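Asks: Sequence:
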Amino acid sequence: MTDRQPTLDEVARRAGVSRGTVSRVINNAPHVSRAARQAVERAIKDLSYVPNVAARSLATQRSGAVVLAVSSDDQALFTNPFFAEVIVGVNAVLEETDLELLLILAASERGRSRLARVLQSRRADGVMLLALRENDPLAKVAAEGGVPVVHGGRSLGGSHQWYVDADNRDGARQAAEYLISTGRTRIATITGPLDMHVGVSRYLGFREALALARLGDERVAHGDFTEASGAAAMTHLLTEHPDLDAVLVASDEMAVGALGVLKERGRAVPGEIAVVGFDDVVTARHTHPTLTTVRQPIKALGREMIRMLLALIRGEQPTPLILPTELVIRESA
1 MTDRQPTLDE VARRAGVSRG TVSRVINNAP HVSRAARQAV ERAIKDLSYV
51 PNVAARSLAT QRSGAVVLAV SSDDQALFTN PFFAEVIVGV NAVLEETDLE
101 LLLILAASER GRSRLARVLQ SRRADGVMLL ALRENDPLAK VAAEGGVPVV
151 HGGRSLGGSH QWYVDADNRD GARQAAEYLI STGRTRIATI TGPLDMHVGV
201 SRYLGFREAL ALARLGDERV AHGDFTEASG AAAMTHLLTE HPDLDAVLVA
251 SDEMAVGALG VLKERGRAVP GEIAVVGFDD VVTARHTHPT LTTVRQPIKA
301 LGREMIRMLL ALIRGEQPTP LILPTELVIR ESA
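All letters in the sequence shown, in the order written, are residues 1 to 333 by UniProt numbering.
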């Protein structure tokens, strides 16, 4: 005899069913045949298998919660279209469960302590993390919380086991290649934060496209995904590189700031300078001119993050997911 806890796979093999069927039986999900349910129940009894606490909580429909923790303390976050769409995606899936969503802004020590208290008191069954920077202490707090953790986006060190991300590098490459195909040769970029995987990936995609076309990639300014930083970066680029004829901006919010500066300076878009953003938030369809941008499936990002987290809570082992991006051509380029 051994005190080792049997695994979900061992239960599945004993019952002669798939791992997913075992999870559905444990969670009292519908669409499981009577024979399969009975086989799983016999295997559980024979092996003395005990589902983990979080999975049993879902199975018995006890009240519970999951956390969406964002590494930001900016109250403007609530008006940011990107985060709003992520939350809509998360909520769409949660409506099918009895779990509640807790939102924690956790860039500060106070915010991280709040998350730690929630996890230590077992008021949450899992955590989703967004907007993490390199070596972000929030990741450590979540990892020590004793619950499953899903990351929105990859880390620069590649240490996250479970994440959902968009193909940012390919999206930026598509955008730069499009600008080149329209005859633009003096192309600048406004990057996102380069201590975030998303910022680095979009910058690398830009550089790859220009390198293949044998064009210079020295026209660079940096932002932080806010409209104000986009305006400041565009001002810098016009000062340092007044001859530029296109700019790839690493977020639509920053592109709005860039468009404002170009209008103030009397630079015609796209006649003199083409502008491409990234994200395709609702704002991109209401700028003047409307914004050519790279669409990432933001609501799907939220949906897949919470689906992955629920799978982990049920004791499953999902795989990381990369969502495709798509160039959307409008008036600005």
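Since the hints were made in silico from the structure, they are not lab data.
None of the values given here were measured: they were computed from a predicted structure.
Ideal Cβ positions, reconstructed from N, Cα and C, are used throughout, including at glycine.
Hints are not guaranteed to be accurate.
[As the list claims (entries may be wrong)] In silico SDA-like pairs for lysine to any residue, Cα to Cα no more than 20 Å straight-line:
no. : residue 1 : residue 2
1   : Lys45     : Arg34
2   : Lys299    : Glu316
3   : Lys45     : Leu8
4   : Lys299    : Leu156
5   : Lys263    : Lys299
6   : Lys299    : Lys140
7   : Lys263    : Pro242
8   : Lys45     : Glu10
9   : Lys299    : Pro242
10  : Lys299    : Leu101
11  : Lys299    : Glu10
[Claimed, not checked] Label pairs and their in silico Cβ distance ranges:
no. : residue 1 : residue 2 : range
12  : Lys45     : Leu204    : 49 to 57 Å
13  : Glu326    : Glu272    : 50 to 58 Å
14  : Arg122    : Gly216    : 53 to 61 Å
15  : Pro289    : Asp98     : 40 to 48 Å
16  : His288    : Asp195    : 28 to 36 Å
Asks: Indicate whether the distance between the beta carbons of proline 289 and aspartate 98 respects the range 40 to 48 Å.
Replies: Between proline 289 and aspartate 98, where Cβ atoms are some 46 Å apart, the hint holds.
Asks: Can you confirm whether the C-alpha distance between lysine 263 and proline 242 stays at or below 20 Å?
Replies: Given pair lysine 263, proline 242 holds - Cα atoms ~15 Å apart, limit 20 Å.
Asks: With the threshold set at 20 Å, check whether the alpha-carbon distance from lysine 299 to glutamate 316 stays at or below it.
Replies: Between lysine 299 and glutamate 316 the Cα gap is close to 23 Å, so the pair fails against 20 Å, i.e. violated.
Asks: Does lysine 299 lie within 20 Å of lysine 263 when you go C-alpha to C-alpha?
Replies: Violated, at roughly 31 Å.
Asks: Decide if the proposed pair is consistent with the structure: lysine 299 and leucine 156, CA atoms, cutoff 20 Å inclusive.
Replies: Not satisfied, since the Cα-Cα distance of roughly 23 Å exceeds 20 Å.
Asks: Compare the distance between the alpha carbons of lysine 299 and lysine 140 with 20 Å, and conclude whether the hinted pair is satisfied.
Replies: violated (26 Å)
Asks: Holds or violated: are the alpha carbons of lysine 45 and arginine 34 at most 20 Å from each other?
Replies: Answer holds: lysine 45 to arginine 34 is near 17 Å, not above 20 Å.
Asks: When you take the CB atoms of arginine 122 and glycine 216, is the distance between them in 53 to 61 Å?
Replies: holds (55 Å)
Asks: CA of lysine 45 to CA of leucine 8, is that 20 Å or under?
Replies: holds (13 Å)
Asks: If you draw a straight line from the CA of lysine 299 to the CA of glutamate 10, is it 20 Å or shorter?
Replies: violated (36 Å)
Asks: Determine whether the Cβ-Cβ distance between lysine 45 and leucine 204 falls within the hinted range of 49 to 57 Å.
Replies: Taking Cβ atoms as reference, lysine 45 and leucine 204 lie about 54 Å apart, which means the hint holds.
Asks: Check whether the Cα positions of lysine 299 and leucine 101 lie no farther apart than 20 Å.
Replies: holds (16 Å)
Hint compliance for this structure: hints 2, 4, 5, 6, 9, 11 and 13 are not met, and every other hint is.
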